[in-house]
Structures are given as C-alpha cells and as structure tokens.
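*Asks:* Let chain A serve as the given structure and place chain B on it in line with the hints.
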Amino acid sequence: AQKVTQAQTEISVVEKEDVTLDCVYETRDTTYYLFWYKQPPSGELVFLIRRNSFDEQNEISGRYSWNFQKSTSSFNFTITASQVVDSAVYFCALDTDKLIFGTGTRLQVFP
Amino acid sequence: EAQVTQNPRYLITVTGKKLTVTCSQNMNHEYMSWYRQDPGLGLRQIYYSMNVEVTDKGDVPEGYKVSRKEKRNFPLILESPSPNQTSLYFCASSPGLAWETQYFGPGTRLLVL
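These protein sequence lines are chains A and B, in that order. Heads up: the first sequence begins at 25 in the numbering used here, then just goes up one per residue. Heads up: the second sequence begins at 1244 in the numbering used here, then just goes up one per residue.
So that you can see chain A by itself, here it is in the shape it has in the complex (with noise of 0.2 angstroms):
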C-alpha cells in the first residue's frame, strides 16, 4: 500500500530558526515521483518541488532545501533563516499511479 506520513502536526518556530519538515513515504514501486506543496493561509496550493525516485541528490533552493534518502524512505524539507512568510501547512506527496498526500505540517513562524 501507498502511504505517506508527516508525524509533525504542527511546529513552531521564531524568525530566523532553520526547520525541518519530515516525510516518510511508503511504496513497493521502484519508479515514483515525490512532491512537497505549501498551502500558505489564503488556501491555494503552491508547488514547491518534484522528485523522481532515482536521483537522491539534494536540492536546494534559495532558502529551501530538500533531503531525499531512499534508504529510510524518506523526504524531508529544510526552510533555513525561516520568515513570517513561511508560515503555512506543507503537504508532502508520492506518486506512483496516483497522487497520494500526507495530512501536512502546519509551520508558524512568529517575529
């Protein structure tokens, strides 16, 4: 079965604090495609970034950086010197033949 688990319901953090986001992702398929999308509080779904299961290099983004591990099945999202702006639910995402979410991570980020 597919599955996708983000354990941290909700994290807190203030400005300038570097953050991890964790994703496990569960799949027998040896293709697949990772995604993280951010939902900022005015709702819409932002995409963020897009991984295939064969390239485990680290990507890295301005302020964003992401950690691919297939080892540990897992994908997790590093916002370094967070911002206010930052502050939204993040949803990590596997796709083997269909989009399957995690339930997200909530990130405030206080002044």
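Source of the hints: derived by calculation from the structure; they are not laboratory data. Errors might be hidden in some of the hints.
Partial list, derived from the structure: chain A residues whose beta carbon lies under 10 angstroms from chain B [said to hold, decoys possible]:
#1 Ala31
#2 Ile35
#3 Phe59
#4 Gly67
#5 Glu68
#6 Phe71
#7 Gln93
#8 Lys94
#9 Gly126
#10 Thr127
#11 Gln132
#12 Pro135
No more than 20 angstroms apart at the CA atoms, straight line, and that leaves these computed lysine to any residue pairs for SDA-like [unchecked claim]:
#13 Lys122/A / Leu1262/B
#14 Lys122/A / Leu1284/B
#15 Lys1314/B / Val1355/B
#16 Lys62/A / Ala1245/B
#17 Lys1308/B / Gln1246/B
#18 Lys122/A / Glu1305/B
#19 Lys27/A / Asp1302/B
#20 Lys122/A / Phe1347/B
#21 Lys1308/B / Val1355/B
#22 Lys62/A / Gln1246/B
#23 Lys122/A / Glu1343/B
#24 Lys62/A / Lys1314/B
#25 Lys94/A / Trp1342/B
#26 Lys62/A / Leu1284/B
#27 Lys62/A / Ala112/A
#28 Lys122/A / Val1355/B
#29 Lys62/A / Val1355/B
#30 Lys122/A / Val1303/B
#31 Lys62/A / Phe78/A
#32 Lys62/A / Tyr1346/B
#33 Lys1300/B / Arg74/A
#34 Lys27/A / Arg74/A
#35 Lys62/A / Lys1261/B
#36 Lys1261/B / Tyr1346/B
#37 Lys40/A / Lys94/A
#38 Lys62/A / Trp1342/B
#39 Lys27/A / Asp1281/B
#40 Lys62/A / Lys1308/B
The model shown is predicted, which means the values in this text are computed figures rather than measured ones. Quick reminder that beta carbons are idealized off the backbone N, C-alpha and C, glycines included.
*Replies:* Relative to chain A, chain B alone:
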C-alpha cells in the same frame, strides 16, 4: 496566464440541493482531478480523468459525479449534498504523462447545512 480556475470559490447550500462546481484549465492538459481536503486527512482524490470522456473513481467517490465533455472542463457534481460533504475542494490538472506535476485551482469552500 496558465491557470486552473474553479467556481464558485465559496458556497453555502442545504442538504439535498444539487450543485455543480466548475473547473477549467487553459493549459491543454489531458489529466484532471478533483480532491477534497479535510482537517487531519490531507487531500484525498475524488475522481480523475485521463482525457475527454475518460473518467475514473479516486479514493472517495461516493456522493459525487463528474463529466469530461471537453478537454478544458471537468465539473464536479453533487446530486444530493449532505453535511459530510462540507469540505475544501481542489481541482488539479497535469499534462497527463505519468508522474507529471499537478497544478491546483484556488479551491472551493463548500458548506452543506
């Protein structure tokens, strides 16, 4: 501008009164999908469509209908809404190849009284 649009954005209705939520994309995407988002459950797929006249059930299809008569439109129909269908609904589209990124509409917040 490439986008997925949904209407209405907010809707309050009563049990049993049929309603339709429209979804339209201007990217010529083949794949379209509907999700509902509920607290503590993340997003769950309701229905999806691989192309015109091709639709299939997702994880939570009960109480919903869809149609895909044109490539750009994928309406979600609630024939007889019930309070447990109160939710935030998202439409999404992608080019249709396996594992392509799905782009989401702005969401429709539905309250069924």
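*Asks:* Each hint should be assessed against the structure and marked as holding or not.
*Replies:* Consistency of the hints with the structure:
no.: 1; hint: Ala31; verdict: 13 angstroms, violated
no.: 2; hint: Ile35; verdict: 16 angstroms, violated
no.: 3; hint: Phe59; verdict: 7 angstroms, holds
no.: 4; hint: Gly67; verdict: 5 angstroms, holds
no.: 5; hint: Glu68; verdict: 5 angstroms, holds
no.: 6; hint: Phe71; verdict: 6 angstroms, holds
no.: 7; hint: Gln93; verdict: 20 angstroms, violated
no.: 8; hint: Lys94; verdict: 16 angstroms, violated
no.: 9; hint: Gly126; verdict: 6 angstroms, holds
no.: 10; hint: Thr127; verdict: 4 angstroms, holds
no.: 11; hint: Gln132; verdict: 16 angstroms, violated
no.: 12; hint: Pro135; verdict: 26 angstroms, violated
no.: 13; hint: Lys122/A / Leu1262/B; verdict: 27 angstroms, violated
no.: 14; hint: Lys122/A / Leu1284/B; verdict: 17 angstroms, holds
no.: 15; hint: Lys1314/B / Val1355/B; verdict: 29 angstroms, violated
no.: 16; hint: Lys62/A / Ala1245/B; verdict: 19 angstroms, holds
no.: 17; hint: Lys1308/B / Gln1246/B; verdict: 23 angstroms, violated
no.: 18; hint: Lys122/A / Glu1305/B; verdict: 18 angstroms, holds
no.: 19; hint: Lys27/A / Asp1302/B; verdict: 13 angstroms, holds
no.: 20; hint: Lys122/A / Phe1347/B; verdict: 15 angstroms, holds
no.: 21; hint: Lys1308/B / Val1355/B; verdict: 17 angstroms, holds
no.: 22; hint: Lys62/A / Gln1246/B; verdict: 17 angstroms, holds
no.: 23; hint: Lys122/A / Glu1343/B; verdict: 10 angstroms, holds
no.: 24; hint: Lys62/A / Lys1314/B; verdict: 27 angstroms, violated
no.: 25; hint: Lys94/A / Trp1342/B; verdict: 18 angstroms, holds
no.: 26; hint: Lys62/A / Leu1284/B; verdict: 16 angstroms, holds
no.: 27; hint: Lys62/A / Ala112/A; verdict: 7 angstroms, holds
no.: 28; hint: Lys122/A / Val1355/B; verdict: 28 angstroms, violated
no.: 29; hint: Lys62/A / Val1355/B; verdict: 27 angstroms, violated
no.: 30; hint: Lys122/A / Val1303/B; verdict: 13 angstroms, holds
no.: 31; hint: Lys62/A / Phe78/A; verdict: 24 angstroms, violated
no.: 32; hint: Lys62/A / Tyr1346/B; verdict: 12 angstroms, holds
no.: 33; hint: Lys1300/B / Arg74/A; verdict: 25 angstroms, violated
no.: 34; hint: Lys27/A / Arg74/A; verdict: 17 angstroms, holds
no.: 35; hint: Lys62/A / Lys1261/B; verdict: 32 angstroms, violated
no.: 36; hint: Lys1261/B / Tyr1346/B; verdict: 27 angstroms, violated
no.: 37; hint: Lys40/A / Lys94/A; verdict: 29 angstroms, violated
no.: 38; hint: Lys62/A / Trp1342/B; verdict: 18 angstroms, holds
no.: 39; hint: Lys27/A / Asp1281/B; verdict: 17 angstroms, holds
no.: 40; hint: Lys62/A / Lys1308/B; verdict: 28 angstroms, violated
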